[in-house]
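*Asks:* The primary structure of each chain is shown beneath.
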Amino acid sequence: MSPVDLSTMLAGIKLRNPVLTCSGTYGFGEEYAAYCPLEALGGITLKGITPLPRLGNSVPRLAETPAGLLNAVGLENPGLEQFIISYLPKVREMPTAVIANISGFSLEDYVQMAEAFQVNSGLAALEVNISCPNVKHGGMHFGTDPGSAEEVIAAVKAATDLPIIAKLSPNVTDIVGMARAAQRGGADALSLINTLLGMSIDIEQQRPLLANTFGGLSGPAIRPVAVRMVWQVAEAVDLPIIGMGGITTWQDAVEFFLAGATAISIGTGNFVNPQAPLEILQGIKGYCEKHGLPSVRNLVGLAHKA
Amino acid sequence: MSPVDLSTMLAGIKLRNPVLTCSGTYGFGEEYAAYCPLEALGGITLKGITPLPRLGNSVPRLAETPAGLLNAVGLENPGLEQFIISYLPKVREMPTAVIANISGFSLEDYVQMAEAFQVNSGLAALEVNISCPNVKHGGMHFGTDPGSAEEVIAAVKAATDLPIIAKLSPNVTDIVGMARAAQRGGADALSLINTLLGMSIDIEQQRPLLANTFGGLSGPAIRPVAVRMVWQVAEAVDLPIIGMGGITTWQDAVEFFLAGATAISIGTGNFVNPQAPLEILQGIKGYCEKHGLPSVRNLVGLAHKA
Amino acid sequence: MLTEGLVVVHEGLGEEQQMLRRLVLKGPIAKTAKPGQFVAVQVQASSIPSYDPLLRRPLSIAEISPDRDEITLLYRIQGRGTEILARVRCGEKLSVMGPLGNGFSLPEVGELWLVAGGIGIFPLYALAQNALAHGLIVRLFWGGENALFIKNAGLAAWQALGIPIHLSTLDGILGDKGLVTEQVQGRLSQLFGQTRQTDLLGPRQISVATCGPKKMLQAVTKLCMHFAVPVQVSLEERMGCAVGACLGCVCTLIDETGTLIHRKVCQDGPVFRGEEVVWDESC
Amino acid sequence: MLTEGLVVVHEGLGEEQQMLRRLVLKGPIAKTAKPGQFVAVQVQASSIPSYDPLLRRPLSIAEISPDRDEITLLYRIQGRGTEILARVRCGEKLSVMGPLGNGFSLPEVGELWLVAGGIGIFPLYALAQNALAHGLIVRLFWGGENALFIKNAGLAAWQALGIPIHLSTLDGILGDKGLVTEQVQGRLSQLFGQTRQTDLLGPRQISVATCGPKKMLQAVTKLCMHFAVPVQVSLEERMGCAVGACLGCVCTLIDETGTLIHRKVCQDGPVFRGEEVVWDESC
Ligand SMILES: Cc1cc2nc3c(=O)[nH]c(=O)nc-3n(C[C@H](O)[C@H](O)[C@H](O)COP(=O)(O)OP(=O)(O)OC[C@H]3O[C@@H](n4cnc5c(N)ncnc54)[C@H](O)[C@@H]3O)c2cc1C
Ligand SMILES: Cc1cc2nc3c(=O)[nH]c(=O)nc-3n(C[C@H](O)[C@H](O)[C@H](O)COP(=O)(O)OP(=O)(O)OC[C@H]3O[C@@H](n4cnc5c(N)ncnc54)[C@H](O)[C@@H]3O)c2cc1C
Ligand SMILES: Cc1cc2nc3c(=O)[nH]c(=O)nc-3n(C[C@H](O)[C@H](O)[C@H](O)COP(=O)(O)O)c2cc1C
Ligand SMILES: Cc1cc2nc3c(=O)[nH]c(=O)nc-3n(C[C@H](O)[C@H](O)[C@H](O)COP(=O)(O)O)c2cc1C
Ligand code: FES
Ligand code: FES
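Chains as they are written, first to last, in this note's numbering: chain A, 17 to 322; chain B, 17 to 322; chain C, 3 to 285; chain D, 3 to 285.
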C-alpha cells in the first residue's frame, strides 16, 4: 500500500500536513523548536498581535482546572511595529507555513494590521481573532455579534491579499450564525474554537485566582464543546475548518477530522506534551493506514455520513 | 464558639442547609437513600417531567469525557399524570425539601404543569428547566431567547403559588441578559448552570458516540464556566442563586458560595462519590469554623468584596 | 453500600496479551452479594485526587467468599479506566459501590445451562458455584475467539467444578468450530426435536442463564423461546450513577400488554428474562 | 529536552508532617544542568493516561550528578499535583522537560552569600557545591519556621559542606530569633557600616544569591542595593509551557531606560538580578 498522503489544502494554502499549533500557545515558533522541529509541522499560528504594544494582564495569568487551563494573558505582545521590524523578516526563513494572528479593539485596529500583512510578507494566512475573552471588552463584541463579525472580516479581507481565517468564539448562543457571518464577510476558512470564558476562585484568599478575574478555558475539558461546534458548522457552512480545543492525542485529532475539520491545531496540549504534534501526526498516519484511507483528506467529515 | 449555622433561606423557602442535588442526577430521591440519608440534605430536585410520558433517547445516552460527562437522556419521564398519581403523594413524607423540575416544548406545556403544582402539594418550589439541551429543539428556544424566557417564567409564575426557580442554560452569549429576563418574568431564584452542549465521536465506529449525537456536558470540566456565570449574574441581578456545575468536593462548593451562590447543588458529583453531599456539608462547616464565620450565609458573595 | 475495598490480590489472568486481570477485594460486600450482581469501582486508589477518568466502572462479581469477606472481579483491560485500574497495587484501597442490581435467580429444580460468550463467562462462575451448592445440575456452553483465550480466561477453574463443559472456538482448535449458539441449538433439538419443553418445574426442567455479546444473547433467547426454555440474560450498558438515578443505562422491554417500556440495567437488571427484552438497537 | 526520567530514589525528607520529598531521577539532564535551573515534571507515571492534573509541575534542580546521570529534586507536598507525584514509585518513569531557564551565574572571585527562606533552600545546594568547586567562599543564611523544619529540610547536608551557616527561626530555638534578613543586614552593616561595598570584583567582593518568599527576596534585594552588593534572586510564577511560549509566567522588570518590561520566569529566569525586578504585585 502506498504511504498515506498527509498533505492538505486550506483556504488555498498547500500544507505539508494538517497539524498546526494554536495562537498564544506556541510563541513565535522558536520556543518549542528543541522539542518539535518546525519542519515537521503543517504550520504554526503566531501569538496574537495588536497595533500597539501591550504588557497584558498582571499575574497570576494561569490557573489549572480539572482537565483544563484558564489563561488571562491579556494579549501581551510587542505591537505591530516591533513585530514587523524584529519578527516578520524571519518568517521567510521559517521551514513551515506561518499564520499571523491579529486582535483589535476597533475596526481600524484590524484594518491597520491587515494592511501591514500581504502575501509578499511570506505569511501563509492571517487569522483574525475576534474572540479573545481575556481582555475586558476586548474583541468580545466582534466575536459575539454576527453583524460586527461580518463587518470586521469584510474590512480585513479588503485590506490584504492574504487568505483570511476567522477565529470564532465559543461563547455564543449560535455558533453557526457566527460562522455564516464570517463567510458573508469573505472569510476563506474558520478556526474553531477559542477559549470558553471561565474563572476560578482561591478559597483561601477568598478572591478570584486570576488577576484578571476571568480567563479563557482551554484543554481537554472543552473538547466536547469544540467537537460539537466543528460538527455543527461543518453541517451548515461550506468553509474549511481548523479544529482546535483540547487536542492532546491523535485520537482527539481524529475526532475533529471526523467531525469535519480540514486541519487541526494544538494549543494547551503542547504544554502537557511538547512532542504532541509529532505523536499526533504519527497517529493520524497510522489511523489512515489501518482504515485503508489513501489521504488524510478522506477523513474530513466522515462521521457525518454515518 | 457556637456551632456554624448551616440553615439558609432561598426564595422564601427555609432550608436546613444549602446543599441540594441536581435534577436528573438524583432520580426521585430514593435511589441514593442508602448512600446519603435524605434528611441530611437541604433539599433534592426531581428528574425533569413533561406533560406527556417520554421514553427519551436511545442508548448510548452517556459518554465520559476528560473530567466530564456527556448525557443525552432525552427527558425520559413518566409524564405529569403518572407523576401526580404515583409520586406526588410521597412528597409530603420526604424528610427534606423537594423541588420539582418541569420541562416543556410549548408555553402551554409549562403552564399545564405549573397549574398542577401548588403549595398544598407539599413541594418546596418549582424549578423551570428552560434549558435542556438534549432534546432536539426541546426547551432550547426558551433557554436562549430572553423574550421567550421572560414569557415562560411569567406564565408559570402566574399559574402556581409555589416559588419559581428559573434554571438557565449556559449555552448563551449573555447569561446576565437571560438572568434579567427571568427576573422580569418574576422568578424567585435562579439555578446556574445546566449542561454545556457538546458531543463526542467514536473514532472506531466513525459516528457520534451518543445515539442523540449531541449531549449535555456536566462534571468538573465545566466548573470554571459555571463559577464564572454565577459570579457575573450575582454582580448584576438581585436574585438568590443555586450554584451547580461540577461540584464534587467541599472546596468546589465553597468556590460557588464565594462567587455569589446562596445554595449549591450536586449532580454528576454524586456518580463519582455517592456520599459527596455529606462530605461537602461537613467541609463547608469546617471551612466556616476555620474562617470564623457564624453562618454559611456569611460566605455568599464574599469574593466580590475582595 | 459504599465501602473501601482492600486489594488483596491483583494479578494477570493467563498470558499478558489477553489483557485479563483478576482483582480480589476484601470487604463487607461479600456478605450480601449474589451471583449476577455487580459493583461500581473507582479505578484509582481513593487517595488520588484526580477527576480523569471521572466515572466508576461497573464490574460483575465473579466469585463470592462471604467467609473470607472477599469478592473476586475478573476484567479485561478495555480502555483508559481499566488500564488505570490495572495499575492499582495490593494493599491499596479502592472505593467500591455494591453489591448492585439484581442477580440471577436459581430455578428450584432441574438443569441450569450456562451459556457464555467471551468474557461473558466471568459473572457465571459465582452462579455455577451457587447452583451446585443448591444441588442443581449445571452445564456450561462457552464460546470464545480461540483456545488461547478460553484457557487464559479461567477454563481450569471451570473444569475443577466437575461439570459438563461444551466449548466452541472460531478456529475449532478447542471444542467445536463455530458459535456457542450452535451447540446450544444442537443439544436442545436433540432433547426436544420438533416439540417444546413440557415438564416445566419438573426435575428435568432446563433453564438457561447467559452472558456475552448482545447478538449472542439475542440468539440464545430466540432458541430458548422456541423450545419454551426459561432464559435469563445479563445485559451491559454505559452507566452514570449505577443506582437508578440518572436513567443513563436503560434497556427496552416489552410488557404483558405489549407496550415498550424502559428499565434500568443498573437497578432493574443487569439480569432480565430473555423474552421481555427488545433487542432492536434503535430502542 | 524531553526525557523519561527513571525514578531511582523517592523518599520522605525528614519527618512525615513536614511533607517534604526527595526525588532522584536518572537521565541525560544531569549532563547539562546548571544550578538554579529547573525541570517541568509530569506528576503521574507516563503510562497513566489521565488529564487531571493537566499541567507539569516546575521543580528546581537541587543536586546535579553528571557522573551518575542523576538529578535530585526536593519538593514539598503543596496541593494535588505534588500529592500525586509523591505516590510515584522507584522504577517508574516520569516525563521530564529540562534543564529549563537560566541558572545562577557564579562570581569570578570573592564570597558568595546564599540567603534562603523556607524551602527556598532547595535550589541553593547545587549552587553551593558548584561555587565551592570553583574555589569561592560560600556562606549560608537560612531562615525557617522552626528548628524542626530546618533539620528536616536538609541541614545536615549543608553542615557536611563545612561552610559557615547562619540560621534564623521564628521561635529562636535554633539559630537567631527572627527573620533571615535581619542576620544578613547585621553582617552587612558590620562589614560596611555606613559605607557601601567598594572592592567590586576584588577577592573580598561579596555577592548574594537568594531564593524564598517574594517578600524576603524583595527585602534582601533592598539590603544588597543599599550596600552595593550584587544580588541574584530566583523567582517563582505559575507556568503553562515552561519554555517561553505562552507568556503565562511573566515578571516585571525595569530596564536601563526606566521603562517597565515583562520577562518570562521560565525562559529569561527564574534567576534575575535583584535590582532589575519590580516587586509591586500589580505589575
Ligand atoms: C453490569 C456490567 C457488568 C460488567 N462486568 C464486567 C466484568 O465482569 N468484566 C469486564 O471485563 N467487563 C465488565 N463490564 C464491562 C466494563 O464495565 C467495561 O469494559 C469498562 O467499563 C470499560 O472501561 P474503560 O475505561 O476501560 O473503557 P473505555 O471505553 O475507555 O470507557 C469509556 C466509558 O465507557 C464505559 N464503557 C465502555 N465499555 C463498556 C461496557 N461494555 N459496558 C458498560 N460501560 C462501558 C466506561 O465505563 C466508561 O464510562 C461490565 C459492564 C456492565 C454494565
Ligand atoms: C521555577 C520554579 C521552581 C520551583 N522549585 C520548587 C522546588 O524545588 N521545590 C518545591 O517544593 N517547589 C518548587 N516550586 C513550586 C512548585 O512548582 C509548586 O509547589 C507546585 O507546582 C505546586 O503544585 P501542586 O499541584 O501541588 O499545588 P496546587 O496549588 O494544587 O497547584 C495548582 C497549580 O498552581 C501551580 N502552582 C502552585 N504553586 C506554585 C508555585 N509556588 N510556583 C509555581 N506554580 C505553582 C501548580 O503548578 C499548578 O499548576 C517551584 C516553582 C517554580 C516556578
Ligand atoms: C495561554 C494561551 C494564550 C492564548 N492566546 C491566544 C491569542 O493570542 N489569540 C488567539 O486567537 N487565541 C489564543 N488562545 C486560544 C488558543 O489559540 C486556542 O484557540 C484555545 O486554547 C483552544 O485550544 P487548546 O484547548 O488546544 O488550547 C490562547 C490560549 C492559551 C492557552
Ligand atoms: C444524566 C443527567 C440528567 C439530567 N437531567 C436534567 C433534567 O431532567 N432537568 C434539568 O433541569 N437538568 C438536568 N441535568 C442537568 C443537571 O441538573 C445539572 O444542571 C448539570 O448536570 C450540571 O451540574 P453537575 O456538573 O454537578 O452535574 C441533568 C444532568 C445529567 C448529568
Ligand atoms: S446508571 Fe444511572 S440509572 Fe443506571
Ligand atoms: S510558562 Fe509559558 S512563557 Fe513561561
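Just so you know, these hints were derived from the structure itself, not from any lab. In this text the structure is predicted, and so the values were computed from the model without any measurement. Cβ coordinates follow ideal geometry from the N, Cα and C atoms, glycine included. Among the hints, erroneous ones may be present.
[What the hints assert, rightly or not] Quick list of the computed label-pair ranges, beta carbon to beta carbon:
hint, chain 1, residue 1, chain 2, residue 2, range
1, B, Gln128, C, Thr259, 54 to 62 Å
2, B, Arg313, C, Thr259, 37 to 45 Å
3, C, Asp178, B, Ser122, 53 to 61 Å
4, B, Pro19, D, Gly81, 56 to 64 Å
5, D, Glu258, A, Glu109, 53 to 61 Å
6, D, Arg89, C, Gly260, 53 to 61 Å
7, C, Leu8, A, Asp218, 51 to 59 Å
8, B, Ser102, D, Gly81, 42 to 50 Å
9, D, Val10, C, Gly174, 49 to 57 Å
10, B, Gly302, D, Gln196, 48 to 56 Å
11, A, Asp218, C, Gln19, 28 to 36 Å
[To be verified] Selected chain C positions facing chain B (Cβ under 10 Å, derived; list incomplete):
hint, residue
12, Leu4
13, Leu8
14, His12
15, Leu15
16, Gly29
17, Tyr53
18, Asp54
19, Arg58
20, Gln80
21, Arg82
22, Glu239
23, Gly242
24, Gly246
25, Val252
*Asks:* Tell me the hint numbers this structure goes against, listed in increasing order.
*Replies:* 1, 2, 4, 5, 7, 11, 13, 14, 15, 16, 20
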